[in-house]
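Line by line, the protein sequences give chains V and F.
Each residue of the first sequence is one higher than the one before, counting from 1 in our numbering.
Each residue of the second sequence is one higher than the one before, counting from 1 in our numbering.
Check each hint, because a few of them may be wrong.
To be verified - Below, a list of computed lysine to any residue pairs in the SDA-like style, where the Cα atoms sit at most 20 Å apart:
hint	chain 1	residue 1	chain 2	residue 2
1	V	Lys494	V	Gln200
2	V	Lys456	F	Ile574
3	V	Lys301	F	Met28
4	V	Lys371	F	Met28
What the hints assert, rightly or not - According to the in silico footprint, chain F covers these stretches of chain V (three or more CB under 8 Å from chain F):
hint	region
5	7-20
6	164-178
7	401-409
No lab work stands behind these hints, which were simulated from the structure alone.
This one's a predicted model, so the numbers in the text were calculated from it and none came from an experiment.
Don't be surprised by glycine CBs; every beta carbon is placed ideally from N, CA and C.
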Amino acid sequence: MNILSLFVLIPVLTIVGILFTKDYKQTRVVSAIGMGIQLVLAGLLIYLYLAERNAGNTAAMLFTYDTVWFPTLNIHYSVGVDGISVAMIGLTAIVVFAGIFASWMVTFLSREFFISLILLSSGVFGFFISLDLFTMFLFYEVAVIPMYLLIGIWGSGPKEYSAMKLTLMLMAGSALILVGLLGIYFNSAPGGGQLTWNIQQIARIQIPIQMQRFLFPFTFIGFGILGALFPFHTWSPDGHASAPTAVSMLHAGVLMKLGGYGAFRVAMYLMPEAAQEQAWIFIILTSISVVYGAFGAIWQKDLKYINAYSSVSHCGLVLFAVLMMNQTAMNGAVIQMISHGLMTALFFALIGMIYGRTHTRMINEMGGLMKVMPFLGVAWVIGGLASLGLPGLSGFVAEMTVFVGAFQHTDVFHRTVTILATSSIVVTAVYILRVVGALLFGPIKDDHFLQLDDAKWYERFSTITLIVSIAAIGLAPLWLSDMIGSSLVPMVEKITGMSIAGLF
Amino acid sequence: MTDFTYTILIPLVPLAVFIFVGLTGHKMKPIVSGLIGTAGLAFAAVLAYITAFNYFWIGHTAGTGYTSIKAFEISWLHLTEHLTIKLGSLIDPISVMMLVVITTVSLMVHIYSIGYMKGERGYHRFFAFLSLFSFSMLGLVLATNIFQMYIFWELVGVSSFLLIGFYYEKPSAVAASKKAFIVTRFADLGFLIGILMLSFNTNTFDFQTLVSPTGPAITQAGGAAFMGLSVLSWSLIFIFMGGAGKSAMFPLHIWLPDAMEGPTPVSALIHAATMVVAGVYLVARLFPVYALGAPDALHVVAWVGGISSLFAAVIACTQTDIKRVLAYSTMSQIGYMMLALGVSGFGGHEGLGFMASNFHLFTHAMFKALLFLGAGAVIHAVHSNDMSGMGNLRKYLPVTHATFLIACITIAGIPPLSGFFSKDEILVAAFEGNKALFFIEYAVAGLTAFYMFRLYYSIFWGKETHYHHTPHEAPLVMTIPLMILAFGSIFAGFLPFHNLVTSDGLPFETPTEWSIAIPSVLIALLGIGVATFMYRKVTGVPDKIAGAFSHLYKWSYHKFYMDEVYLFVTKKVIFNLISRPVAWFDRHVVDGTMNGIAGITQFASVKIKGFQSGRVQQYAFVFVTGAIALVLIFVYLW
Numbered sequence: 001m002n003i004l005s006l007f008v009l010i011p012v013l014t015i016v017g018i019l020f021t022k023d024y025k026q027t028r029v030v031s032a033i034g035m036g037i038q039l040v041l042a043g044l045l046i047y048l049y050l051a052e053r054n055a056g057n058t059a060a061m062l063f064t065y066d067t068v069w070f071p072t073l074n075i076h077y078s079v080g081v082d083g084i085s086v087a088m089i090g091l092t093a094i095v096v097f098a099g100i101f102a103s104w105m106v107t108f109l110s111r112e113f114f115i116s117l118i119l120l121s122s123g124v125f126g127f128f129i130s131l132d133l134f135t136m137f138l139f140y141e142v143a144v145i146p147m148y149l150l151i152g153i154w155g156s157g158p159k160e161y162s163a164m165k166l167t168l169m170l171m172a173g174s175a176l177i178l179v180g181l182l183g184i185y186f187n188s189a190p191g192g193g194q195l196t197w198n199i200q201q202i203a204r205i206q207i208p209i210q211m212q213r214f215l216f217p218f219t220f221i222g223f224g225i226l227g228a229l230f231p232f233h234t235w236s237p238d239g240h241a242s243a244p245t246a247v248s249m250l251h252a253g254v255l256m257k258l259g260g261y262g263a264f265r266v267a268m269y270l271m272p273e274a275a276q277e278q279a280w281i282f283i284i285l286t287s288i289s290v291v292y293g294a295f296g297a298i299w300q301k302d303l304k305y306i307n308a309y310s311s312v313s314h315c316g317l318v319l320f321a322v323l324m325m326n327q328t329a330m331n332g333a334v335i336q337m338i339s340h341g342l343m344t345a346l347f348f349a350l351i352g353m354i355y356g357r358t359h360t361r362m363i364n365e366m367g368g369l370m371k372v373m374p375f376l377g378v379a380w381v382i383g384g385l386a387s388l389g390l391p392g393l394s395g396f397v398a399e400m401t402v403f404v405g406a407f408q409h410t411d412v413f414h415r416t417v418t419i420l421a422t423s424s425i426v427v428t429a430v431y432i433l434r435v436v437g438a439l440l441f442g443p444i445k446d447d448h449f450l451q452l453d454d455a456k457w458y459e460r461f462s463t464i465t466l467i468v469s470i471a472a473i474g475l476a477p478l479w480l481s482d483m484i485g486s487s488l489v490p491m492v493e494k495i496t497g498m499s500i501a502g503l504f
Numbered sequence: 001m002t003d004f005t006y007t008i009l010i011p012l013v014p015l016a017v018f019i020f021v022g023l024t025g026h027k028m029k030p031i032v033s034g035l036i037g038t039a040g041l042a043f044a045a046v047l048a049y050i051t052a053f054n055y056f057w058i059g060h061t062a063g064t065g066y067t068s069i070k071a072f073e074i075s076w077l078h079l080t081e082h083l084t085i086k087l088g089s090l091i092d093p094i095s096v097m098m099l100v101v102i103t104t105v106s107l108m109v110h111i112y113s114i115g116y117m118k119g120e121r122g123y124h125r126f127f128a129f130l131s132l133f134s135f136s137m138l139g140l141v142l143a144t145n146i147f148q149m150y151i152f153w154e155l156v157g158v159s160s161f162l163l164i165g166f167y168y169e170k171p172s173a174v175a176a177s178k179k180a181f182i183v184t185r186f187a188d189l190g191f192l193i194g195i196l197m198l199s200f201n202t203n204t205f206d207f208q209t210l211v212s213p214t215g216p217a218i219t220q221a222g223g224a225a226f227m228g229l230s231v232l233s234w235s236l237i238f239i240f241m242g243g244a245g246k247s248a249m250f251p252l253h254i255w256l257p258d259a260m261e262g263p264t265p266v267s268a269l270i271h272a273a274t275m276v277v278a279g280v281y282l283v284a285r286l287f288p289v290y291a292l293g294a295p296d297a298l299h300v301v302a303w304v305g306g307i308s309s310l311f312a313a314v315i316a317c318t319q320t321d322i323k324r325v326l327a328y329s330t331m332s333q334i335g336y337m338m339l340a341l342g343v344s345g346f347g348g349h350e351g352l353g354f355m356a357s358n359f360h361l362f363t364h365a366m367f368k369a370l371l372f373l374g375a376g377a378v379i380h381a382v383h384s385n386d387m388s389g390m391g392n393l394r395k396y397l398p399v400t401h402a403t404f405l406i407a408c409i410t411i412a413g414i415p416p417l418s419g420f421f422s423k424d425e426i427l428v429a430a431f432e433g434n435k436a437l438f439f440i441e442y443a444v445a446g447l448t449a450f451y452m453f454r455l456y457y458s459i460f461w462g463k464e465t466h467y468h469h470t471p472h473e474a475p476l477v478m479t480i481p482l483m484i485l486a487f488g489s490i491f492a493g494f495l496p497f498h499n500l501v502t503s504d505g506l507p508f509e510t511p512t513e514w515s516i517a518i519p520s521v522l523i524a525l526l527g528i529g530v531a532t533f534m535y536r537k538v539t540g541v542p543d544k545i546a547g548a549f550s551h552l553y554k555w556s557y558h559k560f561y562m563d564e565v566y567l568f569v570t571k572k573v574i575f576n577l578i579s580r581p582v583a584w585f586d587r588h589v590v591d592g593t594m595n596g597i598a599g600i601t602q603f604a605s606v607k608i609k610g611f612q613s614g615r616v617q618q619y620a621f622v623f624v625t626g627a628i629a630l631v632l633i634f635v636y637l638w
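Could you build all of it, start to finish, from the sequences and the hints given here?
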């Protein structure tokens, strides 16, 4: 049994297990066990991966497994990982695990809730291990569709509207991606011969430039919609605001990363010439995302909206860095994906916990919560500091790598957008501190808040898992950065068309 | 050469204390957390003294220059082929001097705080944050490369934020902490851009490589000009912007007076003696690059320093909150240090300003910490910051009174106290470097003496005031640090700085220039005399003078309306003119378009839906009509 297939199998087995449970107490225990195993497995995978690399295995993909699934169209079930996907799998396992504990008190249709949640996560895992474009797309859809049910049924506020909006916009993205993928497939053998969906094989050939020019925008925008690319980001604030806690965590923490990951693993890696030509358009859009999201967040009053706009800004930086097309910036992009995934999951978890107590998410109705719930308050401050890029926490590592990478371009255009993107560190500080001040500090606005209790054990567990991960990356980033960086070398060489020495 | 690897313990011990007290502090008795923090700092201080002793005397052959030693270094993050962020410890005259300053003042503040913070909620939190700050500040001065400095630069920023906002239930404290963080963050943006530019052009972050006279910074990066200044000048000006933000130089100073909302020991440690001089340290650290590679940038440093010192001194004359007077005084004194760096050259006697700046940094740390801690003892006794409600406290607080007076004399620059020596060197350097700035500094010397003695007389002399409780002298745990610092303030001036901390590591001679020193002492005495005349007893003179110069008084009292300008920019421009329209645009235009597309789709579907009514008659009617229409078209129009 290939270790990677376990990442899809364990969620499926967990779902089967959930079907046999009697009440929500059993359901959540089964879910926690299943996802706990998944987390251990992810840790093991990272260990095995690094061991294999240290042993001198330089193959682009490790732990590969390939079997024909649908011969007529040459669709394979083909899996394999490099440093980037290993890192993303680690992120997903942590966020899902924390998400289960954040949903500890879901009692309404709990079996269905956990089944959808775990199904979603299996799609995400499948996406990250796939090397075959078709199965990758399949897993992508598996991840997107349960989202509709999760928001529509367990959400709050105008949940039907939000669920519909989110699903439709993401479906529009899927449609664009599908066009792109089909185009790639039909051009995967320009010299004649068997067409293929396999990413590694397609990367060896060059898709005709006319086709690239046409297909690249479809693929990039399609994935970009999921990655909250301006101006296709508006599903994010509404969707997050209505989604239940764990869904927001998974969605912002992991699902949005499929966008960034797909944008460079598929769009840029397979169509590098078009990417070179059209990058400037998307660089403008992403730099707008970065600054616009941050300014948008200043004005919001609903915690979830603030965090959603903040995500637009942070995810904009991911795509921005990807488009800088050098090893340093792309390394930063991947670290930023992981860092943002953890941070935003932490924020959404905390928002859920605070909302569960105060029954409001409006910052002007709250205040002084630090006094009544010090644990949640401190956790919030740590998350906020990570978000504004404090050294020692993950955000700093990601942002600095991106900025240094982006600064390697010497032309005026790149310099201007880089400095613009850099300025977001100030705006981010403004909205983060505004929320911290309004929410946690100052006098207590409402006497009812005095009766509120601090985090329960499962909430602490969820929060601490995320904080420890954020701090671990922030304090010792070298192994992660090197693991990602070495896997980036072949991709950057393909994208830039130049051979690079690598950093190490 | 001595092995200095152990110096990494100097920051790491406070870090360990921070983690330990931060995680378990709420379970222990408050006093225990205070003692653990103090013990950790005492350990760091002892190590710092050993380092200084080893570096300056034991491991050094007399007559040779002091070299910089990279005691320890590890890679933290690979960025590009050439650029790697490393963490380590760099030992050279200025870093060793800073280690001594920081650990000494921090230790005094720790001891003092055991008494000052007694009974406060969050006692252990206070000590945890103090340790965090000490760790960050020590890491900053030991930085081997500019990126490590930036890392710790941000960490001191956040420790400062946490400590200013220590009384987090007080809205003014929360607002002040936010302001401090955001203003300095804005300055740090400049710092970051400067680092990016400098490292891109030199392919290194390393200080030793950067400051080497044959290194890439000084020899190569001087090229390509933009707006009349070289790339190197621009990067150094941007880097200086970071330093100006942290050191509260005009016009980025506005956070410092508000930062006085923090507990007074914090003001003494962070906002007087250590963190706010980080900007001076930054320029001093890169000094050879400034002096040899980009004299233009150095002129900016000099003028920003000079203007700040005058600006702050004028404001300090009219403030009534004792901590704010001290805050403006700090800004003014740091302006002195910046100016000294700015007018300095490199090497030998040319580098007088460099030496003077560091000398003044050292003595200032002692006497300003003393002033703040003394002010803390006064506030502790009368529970107020406002000097108009004080008077005649000298009989209630004898120790505080004596030490405060010593500090005032020191800062005024009266020989033979330490302030005289360091200030005199700065004046000489300014005289040799830039005459205009030299005269500004003479004026500032007079103003300094005046506002300090205005403060002194208003607190300890003046009117007999009735207090709610009879003020009583602070406990020994608070007065002992005062006495130690007073001792330092008196005698620090006799340290042979010109042999120890010089721009090129080599000693040089600094004879006292009496032609400059005597007028400066006279000016100081004049300032003291005027203050004595106006404030020793209650007279109507101050009000009359304020009336006569009502405009100047008003502008000074309102701090030249700088806060209003900033408020306008942040509230009106950023909040209302950028952020609000962005939010509106997002809701109505971007999202409106999306909803519009959805609306059109739905509209179309409703319309088309009408055709699928399921009524056979309608289908037949449409079918027949259509057929006839087609026939007519084919027959007549084809």
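Evaluated hints:
In summary, the hint linking V/Lys494 to V/Gln200 is supported, as the alpha carbons are separated by about 11 Å, within the 20 Å threshold. Our distance criterion of 20 Å between C-alpha atoms is broken by V/Lys456 and F/Ile574, whose separation comes to about 39 Å. For the suggested pair V/Lys301 and F/Met28, the alpha carbons sit about 38 Å apart, so the restraint of at most 20 Å is broken. A distance of roughly 19 Å separates the Cα atoms of V/Lys371 and F/Met28; the hinted pair therefore holds under the 20 Å criterion.
Against chain F, the region 7-20 of chain V contributes 0 residues with a C-beta closer than 8 Å to a partner C-beta. That does not satisfy the three-residue criterion, and the hint is violated. Coverage of a stretch by a chain is defined here by at least three residues with a beta carbon nearer than 8 Å to that chain's beta carbons; for the region 164-178 of chain V and chain F the count is 3, and the condition holds. With 6 residues having a beta carbon nearer than 8 Å to a beta carbon of chain F, the region 401-409 of chain V meets the requirement of three or more and the stated coverage holds.
Of the numbered hints listed earlier, those contradicted by the structure are 2, 3 and 5.
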